[in-house]
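*Asks:* Chains as they are written, first to last, in this note's numbering: chain A, 1 to 181; chain B, 1 to 196.
It is possible that part of the hints are untrue.
Stated by the list, open to error - Below, in silico cross-link-like pairs of lysine-lysine (DSS-like), each with a Cα-Cα straight-line distance of 27 Å or less:
{"#": "1", "chain 1": "B", "residue 1": "K175", "chain 2": "A", "residue 2": "K98"}
{"#": "2", "chain 1": "A", "residue 1": "K97", "chain 2": "B", "residue 2": "K82"}
{"#": "3", "chain 1": "B", "residue 1": "K175", "chain 2": "A", "residue 2": "K97"}
{"#": "4", "chain 1": "A", "residue 1": "K98", "chain 2": "A", "residue 2": "K139"}
{"#": "5", "chain 1": "B", "residue 1": "K82", "chain 2": "A", "residue 2": "K98"}
Stated by the list, open to error - Computed, partial: chain B to chain A, Cβ under 10 Å:
{"#": "6", "residue": "A12"}
{"#": "7", "residue": "I20"}
{"#": "8", "residue": "T21"}
{"#": "9", "residue": "P22"}
{"#": "10", "residue": "P25"}
{"#": "11", "residue": "R27"}
{"#": "12", "residue": "V30"}
{"#": "13", "residue": "S31"}
{"#": "14", "residue": "S34"}
{"#": "15", "residue": "F57"}
{"#": "16", "residue": "Q86"}
{"#": "17", "residue": "E98"}
{"#": "18", "residue": "A141"}
{"#": "19", "residue": "D183"}
What the hints assert, rightly or not - Quick look at which bits of chain B chain A covers, simulated, 3 or more residues with Cβ under 8 Å:
{"#": "20", "region": "48-55"}
{"#": "21", "region": "87-94"}
Hints were generated in silico from the structure; no laboratory data involved.
For each residue, glycine too, the CB sits at the ideal point set by N, CA and C.
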Amino acid sequence: MLRIDFNRLRFLVIDDNAHMRRILRTLLHGFGAREVYEAEDGASGLEAFTHYMPDIILADWAMPIFDGLELTQMIRQPGANSNPYVPIIMLTGHSEKKRVTSARDAGVTEFMAKPISAKALYQRILNVVANPRPFIKTKTYFGPDRRRNVNPNYVGPERRKGGKADVIRQTALMDKAKVAG
Amino acid sequence: MAKDKGGKPSIATYGDYEMITPHNPLRMAVSQVSDKDAHDDPVARAEEALAQLSSEFSSWMDSECERLDAARRDIKAKGFTKKTHQALFHAAHDIKGEAATFGYPFVAASADSLCRLIEHTPDMARIPLALVDQHVDAVRAIIREKARPDIVQIADQLTRKLREVTDDFLARENKDRPDVLADILAPPLSPGGQAA
Numbered sequence: 001m002l003r004i005d006f007n008r009l010r011f012l013v014i015d016d017n018a019h020m021r022r023i024l025r026t027l028l029h030g031f032g033a034r035e036v037y038e039a040e041d042g043a044s045g046l047e048a049f050t051h052y053m054p055d056i057i058l059a060d061w062a063m064p065i066f067d068g069l070e071l072t073q074m075i076r077q078p079g080a081n082s083n084p085y086v087p088i089i090m091l092t093g094h095s096e097k098k099r100v101t102s103a104r105d106a107g108v109t110e111f112m113a114k115p116i117s118a119k120a121l122y123q124r125i126l127n128v129v130a131n132p133r134p135f136i137k138t139k140t141y142f143g144p145d146r147r148r149n150v151n152p153n154y155v156g157p158e159r160r161k162g163g164k165a166d167v168i169r170q171t172a173l174m175d176k177a178k179v180a181g
Numbered sequence: 001m002a003k004d005k006g007g008k009p010s011i012a013t014y015g016d017y018e019m020i021t022p023h024n025p026l027r028m029a030v031s032q033v034s035d036k037d038a039h040d041d042p043v044a045r046a047e048e049a050l051a052q053l054s055s056e057f058s059s060w061m062d063s064e065c066e067r068l069d070a071a072r073r074d075i076k077a078k079g080f081t082k083k084t085h086q087a088l089f090h091a092a093h094d095i096k097g098e099a100a101t102f103g104y105p106f107v108a109a110s111a112d113s114l115c116r117l118i119e120h121t122p123d124m125a126r127i128p129l130a131l132v133d134q135h136v137d138a139v140r141a142i143i144r145e146k147a148r149p150d151i152v153q154i155a156d157q158l159t160r161k162l163r164e165v166t167d168d169f170l171a172r173e174n175k176d177r178p179d180v181l182a183d184i185l186a187p188p189l190s191p192g193g194q195a196a
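Next up, chain A with everything else stripped away, as it sits in the complex:
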């Protein structure tokens, strides 16, 4: 089985709620992480991202100044910073389908609906570390490959022109968001 050496990873937790930051810090330290940095809003989160160069970002959605979605879009600007590929795990109390779609289209890597659990957080981290998806760049999108499933019954046009690309088989964000804890 796979094991993560958390003491080799640097985390950045961005959440305006001090209690939630404490909980995430406690969980990450429990996993074995030693470098956990924090920020309490989108603006200081972006600054901390540039300064600390974390390996993984855990970001809340609803935050002052600019929210987790806006932060993700800023980080995902190709060429705007040293690591637009950084895994971003969005932790949020929002659970509507529209929200999950918006987060996916902004370029988040993983989505976790609250309440959080140690097991669910560990699995998201394991996924981004051990099984990262390639990035896709189009005129309108830059972020992790959003294609998850192959539908053998699809008869519509091939939207991605010019050669067959491999489709990465992974659990859809929607399905992950449906699993509580």
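Could you slot chain B onto chain A? The hints should help.
*Replies:* Okay, now just chain B, sitting in the frame of chain A:
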């Protein structure tokens, strides 16, 4: 971790898009262990750490409740402005997200109902203060009465009523926005977002 940021990404071009496979330095943090060597359980350690923190959850929830009440008092004093509207939403949203973790899962649905009321009323000036009061008072009562053996049933009854009235109100306020109405009335993806 020794930061290995080197290694250029590989890029494959497919007509109107590129597939970029970045160098993955995080792979160095992953190792394969045999099942018999997998005695270390990081999830159990994290859960134990969280359990040790749990003695603080009650006072944390009280402070979140006070924050919600303060947001409500602000609205009564100043009316709905962008700032007071956001403050009330965030207070309710945070309670919804934290409820289960703090040991109050039965209050999440009431907090969620308040979030829906605030978020989906197109004109914030039309949000009924009485309905806001009922939600805030319900959340506070449920938290206060946590120790009651029938608190789950009480919370369920309160929430059902609140949800019914709120859905009715939102349906009327959004009758000219069928796409929004479909979103509002669709079930949430995660069970934590459902009414009790």
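*Asks:* Give a verdict on every hint.
*Replies:* Each hint tested on the structure:
| no. | hint | in the structure |
| --- | --- | --- |
| 1 | B:K175 x A:K98 | holds (19 Å) |
| 2 | A:K97 x B:K82 | holds (25 Å) |
| 3 | B:K175 x A:K97 | holds (21 Å) |
| 4 | A:K98 x A:K139 | holds (22 Å) |
| 5 | B:K82 x A:K98 | holds (23 Å) |
| 6 | A12 | holds (7 Å) |
| 7 | I20 | holds (4 Å) |
| 8 | T21 | holds (5 Å) |
| 9 | P22 | holds (4 Å) |
| 10 | P25 | holds (8 Å) |
| 11 | R27 | holds (7 Å) |
| 12 | V30 | holds (5 Å) |
| 13 | S31 | holds (5 Å) |
| 14 | S34 | holds (8 Å) |
| 15 | F57 | holds (9 Å) |
| 16 | Q86 | holds (8 Å) |
| 17 | E98 | holds (7 Å) |
| 18 | A141 | violated (21 Å) |
| 19 | D183 | holds (5 Å) |
| 20 | 48-55 | holds (count 4) |
| 21 | 87-94 | holds (count 4) |
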